[in-house]
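Number of protein chains: 2
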Amino acid sequence: MTTTGKQIFSTLDADGTLTVEVAESTFPDPKPSQVLVRMEAAPINPSDLALLFGPADLENAEFSPGKIVAKMPEPFASGAKGRHGQRLPVGNEGAGTVVAAGDSDAAQALMGQRVACVPGNAFSEYALAEAAMCLPLGDVSSEDGASAFVNPMTALGFVETAKMEGQKAIVHLAAASNLGQMLNKICLEDGIELVNIVRKQEQVDLLKGLGAKYVVNSSDDDYMKQLRSAIDETDAFFGFDPIGGGNNVDTVFKAMEQVAVSKMTEYSRYGSNQEKKMYVYGRLDLGPTILTPSYGFGFTYAGWLLTPFLAKAGMETVVRMRTRVLQNLKTTFASSYKARVNLEEMLTKENALDYRAMRTGEKYLVTP
Amino acid sequence: MTTTGKQIFSTLDADGTLTVEVAESTFPDPKPSQVLVRMEAAPINPSDLALLFGPADLENAEFSPGKIVAKMPEPFASGAKGRHGQRLPVGNEGAGTVVAAGDSDAAQALMGQRVACVPGNAFSEYALAEAAMCLPLGDVSSEDGASAFVNPMTALGFVETAKMEGQKAIVHLAAASNLGQMLNKICLEDGIELVNIVRKQEQVDLLKGLGAKYVVNSSDDDYMKQLRSAIDETDAFFGFDPIGGGNNVDTVFKAMEQVAVSKMTEYSRYGSNQEKKMYVYGRLDLGPTILTPSYGFGFTYAGWLLTPFLAKAGMETVVRMRTRVLQNLKTTFASSYKARVNLEEMLTKENALDYRAMRTGEKYLVTP
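Sequence lines, in order, name chains D and X. Sequential numbering from 1 applies to the first sequence in UniProt numbering. Sequential numbering from 1 applies to the second sequence in UniProt numbering.
No lab work stands behind these hints: they were computed from the structure. Glycine residues also receive a C-beta, built at the ideal position from the N, C-alpha and C atoms. Treat each hint with caution, since some may be false.
What the hints assert, rightly or not - Chain X is nowhere near these chain D residues, computed Cβ spacing over 10 Å in every case:
no., residue
1, Asp57
2, Arg83
3, Gln201
4, Asp250
5, Val280
6, Arg283
7, Trp304
8, Arg324
9, Glu350
Said to hold, decoys possible - Label pairs and their computed distance ranges (CB to CB):
no., chain 1, residue 1, chain 2, residue 2, range
10, X, Ser33, D, Asn273, 15 to 23 Å
11, D, Met264, X, Asp285, 25 to 33 Å
12, D, Ala334, X, Gly191, 31 to 39 Å
13, X, Glu165, D, Ser141, 45 to 53 Å
14, X, Pro55, D, Gly361, 42 to 50 Å
15, X, Gly314, D, Ala132, 35 to 43 Å
16, X, Asp222, D, Gly112, 34 to 42 Å
17, X, Lys225, D, Thr17, 22 to 30 Å
18, X, Lys81, D, Gly138, 39 to 47 Å
19, D, Gly138, X, Ser229, 54 to 62 Å
20, D, Asp103, X, Leu188, 52 to 60 Å
21, X, Gly166, D, Phe63, 48 to 56 Å
Here chain D stands alone, though its shape is the one from the complex:
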């Protein structure tokens, strides 16, 4: 018995034509370790947008019901050679009801339950998901459970990473995001100091309203002074950046080094001995990262991704993190949405341009 339903696909052709469309799809019976979930809610996260549209020119795209045809600019069209011609499903995470289960005990135990899952094709009426990765939601609704994985586990993962590396403070850029707000709550709960960097006064106010102690506005004239002062008070020589392109991280490294040098008694041509580390975990800016020679050799700039982190952290840590998420889904890990759209509405020009802008507090929820 197979199930059919509608699903979103994103296809990039070798000539740079990107087609995103709703199409009828067939879902086979679950393998022993899998469940088939009737999807009820799925958030559109920045990581989904990278695959769905990337830097494609949506302003000048052709929009028809359930379909967008757009041009992908270079060097991104050629750069994504690995996906040329492939019809890719989209949607990391979501929640829904298990309507079929594989033969394994883990899968069978979920039959009929509402679960949060990470199927990779969450923008769909149905999705096959690994039972081991599903979180039974109990009486939590699918809307409340839809974002139970990516943002909560990433924010918790930052704090776990800090603890593993002996850090007691974190710098976070673009810190007013949904993820940033969760991180702020977790750090308050866990006694980790957090230096929030934002670029608007309203984001300062938002985070201060959530109890944040250090919020620095990069649009202020005295940004560097604010940043140095926050780093000096917190000893935050470690952080996370979702922007990627430009000199955001460079500026943070400079401020860290200036704080470290201000505490040195003797000049060293090599800069301070203070180790400074920044992880990049997103690409809100697809431009190149610029790192200037302004902070010696005691720095590390590295990529951070959830899946490899979870694999490295081990099952015990992952289970502990998931339990914490489930117990606090309506508080620490609550998400809010600007709008709800079905699969066809997701592909209208007005909606696509709106959620692709990734403005703070304006996340969309797909309710297939």
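Using the hints, position chain X against chain D.
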């Protein structure tokens, strides 16, 4: 009793004026842990040049006997605020004869001996050095022992770092340098694969003549193809770069990722799972480092410096490394010099412009 002698000092004033001069200096009696060395030979390494001249405008400087007055361009003049007005000694390493020793057994044991040392003011007639860091040279001459520390320990440090991180292959940029040639010999001895990147055919020939298996010329039209092929054959996803500025490391990361992706069976929006790591250990190019979003999030770009590495590696490893250097000073760790200059000759326009160019195989030796 104090000793007097000539010494080189480099002073950067707040207005950007750099003064490098030979001046009479007084050397106090050694502390218990120290020895006083009459310096006989000291190499001018790239790390010395950074402190001696940095990016100062030597072409238009004023040269008088034993003195250079030059302009330091921005942003480097303001950026080096920590050294403004300080009269800094120069010269990481060298060799000479111990003429006075502190009270400790370690210091007394070196009295009258020829040693290699790391005093930080090696461009001098005399220097105080920590006895624990001195290497007794036995019947090796001061000229042969002058470069016994920085390049040999750095090259060995790269291989130690690779082994500590579970790597069996190394990519090295600007690989025809004195340091690069040592690294090539060490890798051949230790069975570590080495991908040498150079930019001239004569450097290819030089390294091939020294038994290098993989030498890639970045000036060739098919550089990327050569590089991918070498990485593919060696599994070198790890390396060291002395250049710093520009897109050299970016290009290496791209090639590494392309090799990793070519082995994947399924497209991933996040790129390959292959961890790629490059250390920067020099600043031959003082421009910013450019890192493009072309290789996912599985990368690390970090600074590498000898002193913190040795501190982290621990005494046992350091002693093992030093013993290996001493036993092979005339073979694996031999250095060659283009010219010998005394302190005054070091500051003539002709010589300063020549050694500041840091051309491969054209290192100067200071014989005070």
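Hints versus structure:
no. : hint                            : verdict
1   : Asp57                           : holds (18 Å)
2   : Arg83                           : violated (5 Å)
3   : Gln201                          : holds (29 Å)
4   : Asp250                          : violated (8 Å)
5   : Val280                          : violated (7 Å)
6   : Arg283                          : violated (5 Å)
7   : Trp304                          : violated (6 Å)
8   : Arg324                          : holds (24 Å)
9   : Glu350                          : holds (25 Å)
10  : X/Ser33 - D/Asn273: 15 to 23 Å  : holds (21 Å)
11  : D/Met264 - X/Asp285: 25 to 33 Å : holds (26 Å)
12  : D/Ala334 - X/Gly191: 31 to 39 Å : violated (55 Å)
13  : X/Glu165 - D/Ser141: 45 to 53 Å : holds (47 Å)
14  : X/Pro55 - D/Gly361: 42 to 50 Å  : holds (46 Å)
15  : X/Gly314 - D/Ala132: 35 to 43 Å : holds (41 Å)
16  : X/Asp222 - D/Gly112: 34 to 42 Å : violated (60 Å)
17  : X/Lys225 - D/Thr17: 22 to 30 Å  : holds (28 Å)
18  : X/Lys81 - D/Gly138: 39 to 47 Å  : violated (59 Å)
19  : D/Gly138 - X/Ser229: 54 to 62 Å : holds (55 Å)
20  : D/Asp103 - X/Leu188: 52 to 60 Å : holds (56 Å)
21  : X/Gly166 - D/Phe63: 48 to 56 Å  : holds (51 Å)
Against the hints set out earlier in the document, violations occur for numbers 2, 4, 5, 6, 7, 12, 16, 18.
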